[in-house]
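K.L.:
Given next are the chains, with one letter for each unit.
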Amino acid sequence: MKSLAVGLSNKILMSVEKPARYAGNEWNMVKKDPKNIPARFAFCFPDVYEIGMSHLGMKILYHLINKRDDTYCERFFSPWTDMEDKMRENDLPLFSLETKDPLNIFDIIGFTLQYEMSYTNILNMLDLGRVPVLAADRGEEHPFVCAGGPCAYNPEPLADFVDFFIIGEGENVINELLDRYMVWRGSNESKQGFLKSIAGIEGIYVPSLYLPRYNGDMTLKSFMPVDSAFPEKIRKRIVHDLDTSFFPEDVIVPYIDIVHNRAMLELYRGCIRGCRFCQAGFVYRPVRERSSGRLMDIAGKTIESTGYEEISLVSLSTSDYSEIEKLTGGLVGETEKNRVNLSLPSLRIDSFSLDLMEKASKVRKSGLTFAPEAGTQRLRNVINKGVTEEDLIKSVKMAFQGGWNNIKLYFMLGLPGETMDDVDGIVDLVFKVLDAYREVKGKPNRRLNITVSTSCFIPKVFTPFQWEVQDNILLIRDKQEYLKDRLRSKYISYNWHDPELSMLEAVFARGDRRTGKVLLKAWKKGCKFDAWHEHFRYGLWLEAFDESGVDPAFYTSRKRSSEELLPWDHIDIGVSKKFLVKEREKAYKGELTGNCKDICSGCGAAVFDSEICR
Amino acid sequence: MYNLRAVFARGKEVKFISHLDMMRVFERALRRSHIPVSYSCGFNPRPKLVFGLPLAVGVTSEGEYVDIVLDEEMKNDVFMEKMNGSLPAGLKILKVSPVEGKGNIMSSIQGALYDLIVSIQFGKTEEYIKQSIKKLISQDEITVEKRTRKKVGIIDIKPMILDIGVKILSESGFKELEFGYNSNMSYFPDKLAKEKYSDLFESCEGTVLIFSLLVRAGSRGNLKPELFAEALKSVLGQDINICEIHRRKLFAD
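Protein chains in written order, with numbering that gives the first Met the number 0: chain A, 0 to 613; chain B, 0 to 252.
Where hints are given, some of them may not hold.
Here chain A is said to cover these stretches of chain B; the calculated rule only asks that three of the stretch's residues, wherever they fall, bring their Cβ under 8 angstroms from a Cβ of chain A [what the hints assert, rightly or not]:
#: 1; region: 87-99
#: 2; region: 127-139
#: 3; region: 152-162
#: 4; region: 223-235
Think about it this way: if two alpha-carbon atoms lie no more than 25 angstroms apart in a straight line, the pair counts; the simulated BS3-like pairs of lysine-lysine are [said to hold, decoys possible]:
#: 5; chain 1: B; residue 1: K166; chain 2: A; residue 2: K10
#: 6; chain 1: B; residue 1: K91; chain 2: A; residue 2: K85
#: 7; chain 1: B; residue 1: K101; chain 2: B; residue 2: K145
#: 8; chain 1: A; residue 1: K17; chain 2: B; residue 2: K91
#: 9; chain 1: B; residue 1: K123; chain 2: B; residue 2: K133
#: 10; chain 1: B; residue 1: K91; chain 2: B; residue 2: K149
#: 11; chain 1: A; residue 1: K85; chain 2: B; residue 2: K166
A few chain A residues that face chain B, going by a derived Cβ cut-off under 10 angstroms, partial list only [claimed, not checked]:
#: 12; residue: M13
#: 13; residue: G23
#: 14; residue: T80
Keep in mind the hints are simulated off the structure, nothing from the lab.
Glycine included, every Cβ here is placed at the ideal spot set by N, Cα and C.
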């Protein structure tokens, strides 16, 4: 294929913020001669470089696809608005960082769906890349557009734009898919023929082959494949053995500072806990761990090939990793020798972890984060957050004693069944943390800072709360004001999330195909980078809902019955709907469910036959 | 302890990175190549690296300095070979020598020689361009607006300009516009070849001028070539477009 590299003049690059975002050529970037490669894969992250380059999934798939001799995987990010203006002004299409070739000459375009509020950026990237945004408008000359990642568990809001979705973990399925693609390329089949041929691969969902019907009250009546040849349920794909699965050691090292500017060591996937609001806790089941031996091996090779000054453990909860003591014991020695910092996020604070943090990192004691999520024990039981006030106070006391002055506390507002007593509970708990400081350290010093952050609860698909109501914007605002009035102390700072943004996120988190119309309208009106406060234009979104005849409250403020056919019911994550219903009922009664290591609760993920389920 | 000084080049592949990014690149390259660099003591140990003069975003160079302290002695050519195997494309160590004495490279930088390549709209004659530049540099003061984060000030850049040479690109190649300033710029070896900038001229629309600017640089007065380009606007019009800035050499005392 001939190179059509986009001409980026010095004048353009020198006139935008952080031009290195667009320059590529980083250490470990994969270089191939496109002339000798039959297939080009465009890996698109619908946000800026600094965010996309921090994402582990992208690193894994980029290097995995590039191991193939027949495919060249290149990176695309959303240009920041200053760059987009220049590109549109100068008629430059969206280009890859590797070859600077335009998006529309690629064969397969793959988007990663990390959060709902990046959806407008997907449309914008396609448009900038001169690819029609609607799947129906694309012809044989256009690339395939696919998408995967956590938001793909409810693919419906993007069904009009995406040719096929990859449900679950991409490592195995991507190679199967590319093998099929290579065969199709050599045939005379149409694009539709290819899509039909992959619809049977486990983990692949082709939305155009499925038809939703609605009831008079707008709820879903049926959702069926157009032909019985296609599966009614699409089961997610997972990697069964993390020790033998691919993990990149020669990751790209960016020049500019990015959000997570360090090597990443993925300990395990899934989570044993089952907090009822947490989507990751259900969709990534079952837990699969990497052995400490394999991790040590990856750590050594990664430091060697990247030269990174920091390596971070990655998982949903570091302390739940079975071999944590063995691993960190080994890593501390290795990292010290190479003058590499070891970063230990999401650790439960106890004497072991404080001691470990002391050893692991020579940098200043920056801050420790605790996530009680709710203010009262009653509500913490509702959400199955197995942490007590006693645990928390014990941990913060240890942290204060260990010299930490900066404590962050995360809560959620609007959890199912939350009352003002629970909001009051947040205030109580925060002041108890402050009292704990006085108890162990005496009079607070100037540097003591307790940061309280509240996010707004968003009911997510495949959680026991997928049927629940989201608090309306006014109610959330009231609760935020209530906290602002009461969390007044020079040692406490309070942050809160935009309820408008959370409302929109909730619409798309549980949206059906009709919400895609709203998305298209909002983008046409100029919405993009919605997750960036300075670009979020709520008024335009309301106009888009209005003009599409879609009521956001139908998605956010309606309590669904457990019997309702849900727009994502054709996706099968292994965890059964029956289990989620049972968890919903237990939540109402404030009953806890044990963690996977202690007791199997029969969630259904055992179908994947993982060790923890046996 | 072993102190060495490296001269390195920065090409267009990596010209968009900041000084802070550059330090990280070196730190990581040192780790990749297992060079026993010394670290500072204290809470947050840093590798002992001192750069001569920060190179601005967008500027290429063939004469940057970095002083590096090693825990143990290493042959200069071994150091160079290891580093060049670990530095990304666009960064290359050209020369390594041991550092004598205690001098700090950063405080000893006095001057810099830049190639400033600009384009102006077609239609201005060579003579007009020549006279305009002559007029500019014969002024007693060359004042430009200097914006810092906090304020906009007017400064006189003339005392910071030590010498100027100008070439104009014509169909037959480069042509030196003859006029003297403090001395003759041909004193500096001119390695500029048409091939080197050939891709550049394709993206430059208009008449291309190449200034060789010898200016004060370092902590006791530092002139950025962009400011000189600003001054040019007062005599040649607002349509001046900076195509490329290249640092050829740094001068230490």
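K.L.:
Work down the list of hints and note, for each, if the structure agrees.
P.N.:
Evaluation of the provided hints:
1. 87-99: Since three or more residues must qualify, the claim that chain A covers the region 87-99 of chain B holds, with 3 doing so at under 8 angstroms.
2. 127-139: As far as the region 127-139 of chain B goes, the hint is violated, because 0 residues have Cβ atoms under 8 angstroms from chain A.
3. 152-162: With 0 residues close enough to chain A, the hint is violated.
4. 223-235: It is violated, with 0 qualifying residues against the three required.
5. B:K166 with A:K10: holds, 21 angstroms
6. B:K91 with A:K85: violated, 32 angstroms
7. B:K101 with B:K145: violated, 35 angstroms
8. A:K17 with B:K91: holds, 23 angstroms
9. B:K123 with B:K133: With Cα atoms ~15 angstroms apart, K123 (chain B) and K133 (chain B) stay inside 25 angstroms; holds.
10. B:K91 with B:K149: Given pair K91 (chain B), K149 (chain B) is violated - Cα atoms ~36 angstroms apart, limit 25 angstroms.
11. A:K85 with B:K166: Violated - the C-alpha atoms of K166 (chain B) and K85 (chain A) are around 31 angstroms apart, more than 25 angstroms.
12. M13: holds, 5 angstroms
13. G23: holds, 9 angstroms
14. T80: violated, 18 angstroms
Checked against the numbered hints above, the structure breaks hints 2, 3, 4, 6, 7, 10, 11 and 14 and satisfies the rest.
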